[in-house]
Amino acid sequence: MNKKVNDFSITVGTKNGSGSSTANNTILRSIFKMGIPVSGKNLFPSNIQGLPTWYTIRVNKDGFIARQETNDIVIAMNPDSFARDLASVSPGGAFFHADDIKQDITRADITAYPMPIKATVRNDPNIPNDYRDLVGNMVYVGVLAQMIGIDLDKILAALTFHFKGKQKPIDMNFNALKAGAEWAKENLEKKDPFHLETMDKTDGLIMADGNTAAAIGSVFGGIQFAAWYPITPASSLAESLNDYLPMLRKREDGKHTYAVVQAEDELAALGMTVGAGWAGLRSMTSTSGPGLSLMTEFAGLAYYAEVPVVIWDVQRIGPSTGLPTRTSQGDLTFTHFIGHGDSHSITLLPGDVYECFEFGWKSFDIAERLQTPVFVLSDLDIGMNQWMSKPFQYPDTPMDRGKVLTEKDLEELKGNWGRYLDKDGDGIPYRTLPGNKHPMSAYFTRGTGHDENARYSEDAEVYLKNMERLKKKFQTAKKYLPKPILHKNSKATVGILSYGSTENAIFEAQHQLANEHGIQSEFMRVRAVPFTDEVTRLIEKYDQVFVVEMNRDGQMYQILLTEYPQFAAKFKSVAYQDGLPASAKWVREGILAKYEKQTKAAVKKTASKTKAVSKSKKEAAKKSTRKTAAVKSKTSAKSKKK
Amino acid sequence: MSQALPMAGAPANTNKAGLTKNDYRGNPTTLCQGCGHNSISNQIVAALFEMDIVPEDVMKFSGIGCSSKSPTYFLNRTFGFNSLHGRMPSIATGALFADIKMKGIGVSGDGDSASIGMGQFKHVMRRNVNMLYIVENNGVYGLTKGQFSATAEKGLHLKKQGENPYMPVDICMEALVSNASFVARSFAGNPKQVKELLKAAISHEGIAVLDIISPCVTFNNQENAFHSYAWGKDHEEPLHEISYIAPRNEIILEREMEEGEIREVAMHDGSTVILKNLEKGYDPTNRFEALRVMEEAQRNNWLVTGLLYINTAKPTLTSIYNLVDTPLNSLTETDLRPERSAIDKVNALMF
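Top line first, the protein sequences correspond to chains E and X.
Per our numbering, residue 1270 is the first one in the first sequence, and the count goes up by one each step.
Per our numbering, residue 64 is the first one in the second sequence, and the count goes up by one each step.
A hint or two may mislead.
Unchecked claim - List of simulated lysine-lysine pairs, DSBU-like, C-alpha gap at most 35 Å: (1) K1677(E) to K79(X); (2) K1524(E) to K408(X); (3) K408(X) to K1435(E); (4) K164(X) to K1692(E); (5) K1747(E) to K408(X); (6) K185(X) to K1519(E); (7) K164(X) to K1672(E); (8) K1437(E) to K185(X); (9) K377(X) to K1672(E); (10) K166(X) to K1524(E); (11) K1854(E) to K1741(E); (12) K1672(E) to K1747(E); (13) K1742(E) to K166(X); (14) K408(X) to K1447(E); (15) K79(X) to K1683(E); (16) K164(X) to K1677(E); (17) K1683(E) to K223(X); (18) K408(X) to K1748(E); (19) K377(X) to K1519(E).
Said to hold, decoys possible - Just so you have them, the derived chain X footprint on chain E, three or more residues with Cβ under 8 Å: (20) 1527-1535; (21) 1544-1558; (22) 1714-1724.
Rather than coming from a laboratory, the hints here were simulated on the basis of the structure.
Heads up, the beta-carbon is just placed ideally off N, CA and C, and yes, glycines get one too.
Using the sequences provided together with the hints, build the complete structure.
If you want it as structure tokens, here you go:
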């Protein structure tokens, strides 16, 4: 049998609430520490205890770590999902199952390994009764480690990290794990092809989830106020603020430079955030779709009254309550147009854990510079799963607090200023902050119509002028927003536009499209709306631009159509969502379904040359494609390193 | 300037802050003539002037409705935020973190607080946000032309609406059961009491709810209506006379105290509120008693006015956050961005 080294997927099926996350994270982290590119995704139900849940790990030496739709190795710990788990194993795959599940193995095309989970924990007198189920999960980690070659030292490192160095739980878990490994060594015969071998591809990388990264980024951005209301998958973002603020903003006098308030609902959460932002604090909230629906009225107020706030939306699937624990990119048009009346908001689009950190601090600069709400659209996949990442880097620019007038400024202006006056011609006015003691500093903020001096006005001219200025401000915004990331390909004949967490799936799909279908593509990942000029240039360059996103209706595609009506015919929407993280398969199939072979450029070329391309030429083209793809995948893995 | 200050109690054009009453005024009102809200705005101007509070040391807030328009009509030199319907409490909660030395004055109405904003109303109480929360209560929606509000009494007849079939919400009762630390009621037609209660409420550290029955002259001023001038005047049952004594002044009573039990309540800023009880033994620090009196009033159709409840021992929201002495909104990058070495520390924690 051919060995398959560092290129397979593992899926673990357990019961929700059985404590398997420690076990699964241990597998993920130890493979990461072996230097092998890896990803782990928790596919869990909206439930505290009892429903089936899965954890899927992708190991890939070339750095393709998007979710794979096939399961090479399946570990079945849950009787309720046993039949389904068994059916999900790819032909030639391996099936590890708890031997107390008395169900038939009905397949001959796979290798089945029984595991004595219960017997192993029962035999260990050091494991208290209450802990048996929890620690039992470590037995499957041990069996798997033995059978595919996970380094036990790395496992110990992962456990030590997980239990923050506490010896008792480390020992208890590691002993159960070793017992599983030893049992497997003596009782199981390796019949499947899957092996792990140490590499050096994760050197210098860290592993983190996006919500933690966003919180840490916000701390480095000088966050002063956060108000939030619990919602999956955003809760851990605000909770992480509470974890990291005391450590990173510790002062000698023991006093705090920040406040985090758990509000009574999302309306109040954004209300408090807007109040704080208005009064001059770096202020943010974090939520997900249903919470954002409740925040809509305040978002409109913040837009019109020009209050800087940062709003993280860790997206989950809607509409309505939807699938609360499944990932999505379904809120883009929502944040873009949020609010009644004419409004346009700034949306930042982090694509990975690192960018959650980076936009964590940058978003405050952008919000205060533009005096407007800034939405950051993460998603459940980035937010809650552990990702490999380049280490967080200290902010490379000083804080931008925007246009704020102090007492001294007002003295020089002799109090002659207007809150909504476009003095600089960029659409961004000046503001003063409560606490400014100059007698001319105060102004009255309102969601009703107002003139340049913030006075109530229903005058048609005044209204028009103000709305035009706001529109201008939205154009000015482009200057301050993160540029897109372009993954260049000089041979490309088509463009791909995407955003957010689909990047890994697209890298892999590009590779497959080039190798298997001869389609060379250039990929740009957009990181903000409104679009910057780089996006325009990519669209101009290609006749076909595939817009890849995880939603039903192609929301980025819709915005592109509106922004670039002259290029409407170029855009091909590759939109799909079923709640699972993006896979190369759906990206590839989606692009192939819309791909038009005869691009204009190709038509020109074929017209100038002979009609038929010789077979040998075609072969040569294919070969060179493969080479570039291999090089590309290497660089993409490398670029993640420091 | 302080040398030229007039003696306490002496008539003068300027107060101890060196400001005239004009420095506390707002724009001309656009509410109806005779609206109780205007009288309240005037008392806010008078109270702050007499308390020597600098307008720049205050933030004012409101929601949406007739009442919420009124912050435009006082304190022009004060930062103000006219927010969303029923959402004034959250805006104030966030804003007051920016500078905990500043006073918050919120103006809301019965529609704003007792209906759409009931949730925020209750939560701002339980958080004990350090602000004065005025409800200008008239039992109707004025701006939308006379619909019943949630504080309108059952059986009230209004021209277009017919008869109100629902039980009313009692602002003070709701505040009290939500653990508000200062609950008082007054009547716009009794400006002296309004002013004294305003002063006491502003001196209170924590949430101070002041429910002011403020008749709507246009939509709800029938003689038999609970929120009318005529009804209010006839049914007002003052719990006690109140005199507010500023902290720096000698205690000078505006008029001689009548006989009866006297109770002094010390405020956090050093000032004192003296309550002269009309009902024998009424103790405004006793929450149980306050609830009893309100229940009794409800059964007898009395409009109980005065300071119903006060608790000066409850910590305010911002005080439990142990914030730095400098106002948060004047901190700079040095205070807010962790030092460079912190990034390595963080990365080391990321496995």
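Restraint status (C-alpha distance of K1747(E) to K408(X) at most 35 Å)
34 Å, holds
Keeping to a limit of 35 Å between CA atoms, is the pair of K1683(E) and K223(X) held or broken?
52 Å, violated
Hint consistency between K164(X) and K1672(E) [alpha-carbon to alpha-carbon, up to 35 Å]
24 Å, holds
Mind checking the alpha carbons of K185(X) and K1519(E) for me, to see if they're no more than 35 Å apart?
33 Å, holds
Going straight from one Cα to the other, do K1742(E) and K166(X) come out at no more than 35 Å?
At roughly 33 Å apart (the allowed maximum being 35 Å), K166(X) and K1742(E) satisfy the hint.
Is it true that the CA of K377(X) sits at most 35 Å from the CA of K1519(E)?
27 Å, holds
Holds or violated: are the alpha carbons of K166(X) and K1524(E) at most 35 Å from each other?
Within the cut-off at roughly 21 Å; holds.
Given the hinted pair K164(X) and K1677(E), is their alpha-carbon gap at most 35 Å?
21 Å, holds
Against the 35 Å threshold, does the CA-CA distance of K408(X) and K1748(E) hold or violate the hint?
Holds, because 33 Å separates the two Cα atoms, which is no more than 35 Å.
Counting residues of the stretch 1544-1558 of chain E with a beta carbon closer than 8 Å to any beta carbon of chain X, are there 3 or more?
The restraint on the stretch 1544-1558 of chain E holds, since 9 of its residues have a Cβ under 8 Å from chain X and three suffice.
Does K1447(E) sit within 35 Å of K408(X), going by the straight-line distance between their CA atoms?
32 Å, holds
Has the given pair, K164(X) with K1692(E), been kept, meaning a C-alpha gap of at most 35 Å?
Answer holds: K164(X) to K1692(E) is near 32 Å, not above 35 Å.
When held up to the earlier numbered hints, the structure conflicts with 8, 9, 11 and 17 and fits the remainder.
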